Amino acid sequence: MDDMHFSLIKVAGYRGRHFALKMNPPGQNTIFIMDGNTGKTTTIELLRWCFHYPESQAANKFTHMWVVPAHVLDDTKKGPQTCEITVQFTAIDDEGKEHFYQFKRITEGESDPNNKPTSDKIAKISDTLEIDHGKDAKHGDEAHEYLKHAFRFNECVDYFCFDGEKARDIMQLSSNSEKIGDLIFLVNQRATHPRIEEYKQKLNGLRNRVLEEAGAKVSSQALAINIGKLKARIGDLRALEKERDQLKQDFTTHSLALKTFEDRYKELQEKITTAKAQELVERTKYEIQIQGKTNEVMEKRRLIYALNSQWIGTNTNSINWIKAQVKEKGKLPEPYRQDLIQNCLASGCCEICGRALDRASEERIKGLERQVAPHEVHEFLSYDLKERQPAFDPEKERREIKRLIEECNRLENKMKSIKLSEEDAQLISEKEFVEQEINTIKGKIINLQRDVKEREEWIKDLKEEVEKLQNQNTTLKEYKIILDKIDESIDIIVDAGEKIKSKTIDIISGVISEGVQSILGRRFSAKLSPTEGLMLGEDGFFGRERGGYSGRLILSYCFAEAMTLVDPIIVDTPSGNIGSQRANLAQHLVENHRQILLMCLPTEIADFGPIISKKPIPIANKEC
Amino acid sequence: MKKREGRKHVAIQKRIEEVMNQEFEKLIAESGDDPLLKLIRQGKIDSLSLEEIKAYLRGEKDG
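Which chain is which? The protein sequence lines are A and B, in order.
When the letters of the first sequence are read in order and numbered with our numbering, they come out as residues 2 to 625.
When the letters of the second sequence are read in order and numbered with our numbering, they come out as residues 7 to 69.
Hints are computed from structural coordinates only; laboratory data are not their basis.
The structure presented is a predicted model; accordingly, all values stated were derived computationally and were not measured.
Note that the Cβ used here is the ideal one computed from N, Cα and C, for glycine as well.
A hint or two may mislead.
What the hints assert, rightly or not - When the alpha-carbon atoms are kept at most 27 Å apart in a straight line, the in silico DSS-like pairs for lysine-lysine are as follows: (1) A/Lys481 x B/Lys50; (2) B/Lys60 x A/Lys502; (3) A/Lys201 x B/Lys32; (4) A/Lys500 x B/Lys50; (5) B/Lys60 x A/Lys218; (6) B/Lys20 x A/Lys528; (7) A/Lys504 x B/Lys60; (8) B/Lys32 x A/Lys486; (9) B/Lys50 x A/Lys203; (10) A/Lys486 x B/Lys50; (11) A/Lys203 x B/Lys20; (12) B/Lys60 x A/Lys249; (13) A/Lys23 x B/Lys20; (14) A/Lys486 x B/Lys44; (15) A/Lys267 x B/Lys32; (16) B/Lys32 x A/Lys478; (17) A/Lys504 x B/Lys32; (18) B/Lys32 x A/Lys230; (19) A/Lys218 x B/Lys50.
What the hints assert, rightly or not - Chain B is nowhere near these chain A residues, computed Cβ spacing over 10 Å in every case: (20) Glu263; (21) Lys286; (22) Gly498; (23) His594.
Based on the provided sequences and hints, a complete structural model is requested.
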């Protein structure tokens, strides 16, 4: 897809914003004048939310500035509400045909201040991607999948939707020597080589031609079947290779996300630990105590379970009572015999075997009532059934558990009575969210690793099967020279694809440097290297601290431009903190993008806006 | 490829793709004279018959 052009972004309800950004026609840029707190940042964040997360994963994933997760519904509205964002754009396919796309995300729910982690109680999120005015439509996660494959929005939305927050992230990455690895990882993600696919397609096309021609020549049915099988297996092989490559790509994306979340978690934990707020320290203290008590309870419960053989079935009282009866009365206690004896005598039949009782039997039964417990019973009770002193006292443990639980409740009440500041509560909430995300991503990474390994094994098996089928077919033997060469050529292409990755850093470095020079002047340049990261150069001297804030901000801009995979650039407050380079930045943007969409503060218009568009459009937040 | 009316410049991302493609072609060329890749580069792979390709691979025919 090429020549992408955004024509409309309409926000209705999300975070209380209501406006439509209608862009100028293709070939023209658009500037929207939006005052502070009117939805500029929200627009960028909504686009990132929509293009990063498919429908099924979008709940509680919206982030606003440094709040993670943030509410997406209108928190000033009571009762059920529906929010909607519509993004319309066009793009031209490889055959030169223009297509129209309309992405829509509708969120239904209710805002409840007591709901955690955000105030959002989301009932439903629905995504739709309409293609060519209703000719085709993708719903749910399929919409995301389509955009992911056709435009790679998920990979580059952070760059083509640019704002101060992203600039800050890039500045941090470029100024921290410990984060060079992360930066290079991001650049490697950018490494694309569409020609590889083109070459592979040509070679696979040649293989198909060989199979077709061989198929036409076969004289026996067995050979025809062999060719049919071969074609099917080769088809399977291609599909599997594609699947494996996609899984590998997902694995890389998830690994990067995991690293980002892990860094954030570390950062949050440090913030929480060193937070000056006494409340937070106290709360953490209680949390640790509660955790300790809970662990103790768990351990005691585990012990009770593990040692069950030492106490289950031990009924000291019952046994002692039987013993006392035998000792005092000289016979086994009631009701062991009485009911049975009485019933036998009343019915005239043995209650055990059902036989009719003769006189002698009746006499014997009557005699049983007087029978003393035989000596063996005494022996049994005194020795065999001698009550062993239990080594483990469950009752004592139960009392201890009860005490610990009461202690936990007391600590929890104390903890609840601590009033956390909003900022501290946010830190804790974000830490919990990040922790949850880390666990989810870790799970996904394990699955992806397993899936890739599985595909590799299947591919190996299929390759062997294909080779076997090829060798079995006598007709194919005359084409063996071509088939063998195809495999060799594919190996060369794959190898070149890997090598190009290492070249990407130099290419991106060159593009960033060109951008920096065009904005800051010829004295300036930039360098990206795997050992030193991203640096600004002044008169040939490079450093992480060169250029001041505005210089590094421009470096971030140029990095984002080099990293995006689509041409339009949407920027929130584009010239804030740029200083005297505003006009140069505007000129650079005009010269390097086919479509520029800017959401500017009214103060940015004077020496910046007119270079990009002569007719800025004022936008007001207005519920229709 | 159809281009819309408007400015004539080449977008940054397009430039990157172009440079990367050039590098890729260079790598392919450097990786020895692979006959099939040579045919693809010359745009001949689809027009030659299989017999001609076989002869070319055996060195009996020029590409």
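To see whether the hints hold, each was checked on the structure:
1. A/Lys481 x B/Lys50: Measuring from Cα to Cα gives roughly 20 Å; hence the hint holds.
2. B/Lys60 x A/Lys502: violated, 34 Å
3. A/Lys201 x B/Lys32: holds, 17 Å
4. A/Lys500 x B/Lys50: holds, 26 Å
5. B/Lys60 x A/Lys218: Distance of about 17 Å is within 27 Å: holds.
6. B/Lys20 x A/Lys528: Between lysine 20 of chain B and lysine 528 of chain A the Cα gap is close to 21 Å, so the pair holds against 27 Å.
7. A/Lys504 x B/Lys60: Between lysine 504 of chain A and lysine 60 of chain B the Cα gap is close to 35 Å, so the pair fails against 27 Å, i.e. violated.
8. B/Lys32 x A/Lys486: holds, 20 Å
9. B/Lys50 x A/Lys203: holds, 11 Å
10. A/Lys486 x B/Lys50: holds, 16 Å
11. A/Lys203 x B/Lys20: holds, 23 Å
12. B/Lys60 x A/Lys249: violated, 36 Å
13. A/Lys23 x B/Lys20: holds, 26 Å
14. A/Lys486 x B/Lys44: holds, 12 Å
15. A/Lys267 x B/Lys32: Violated, at about 44 Å.
16. B/Lys32 x A/Lys478: Outside the cut-off at roughly 33 Å; violated.
17. A/Lys504 x B/Lys32: Status holds; Cα separation ~12 Å.
18. B/Lys32 x A/Lys230: Violated, because 37 Å separates the two Cα atoms, which is more than 27 Å.
19. A/Lys218 x B/Lys50: It holds: about 24 Å lies between the C-alpha atoms, which stays within 27 Å.
20. Glu263: holds, 30 Å
21. Lys286: holds, 52 Å
22. Gly498: violated, 8 Å
23. His594: Non-interface label fails for histidine 594 of chain A: nearest chain B Cβ at 6 Å, not farther than 10 Å.
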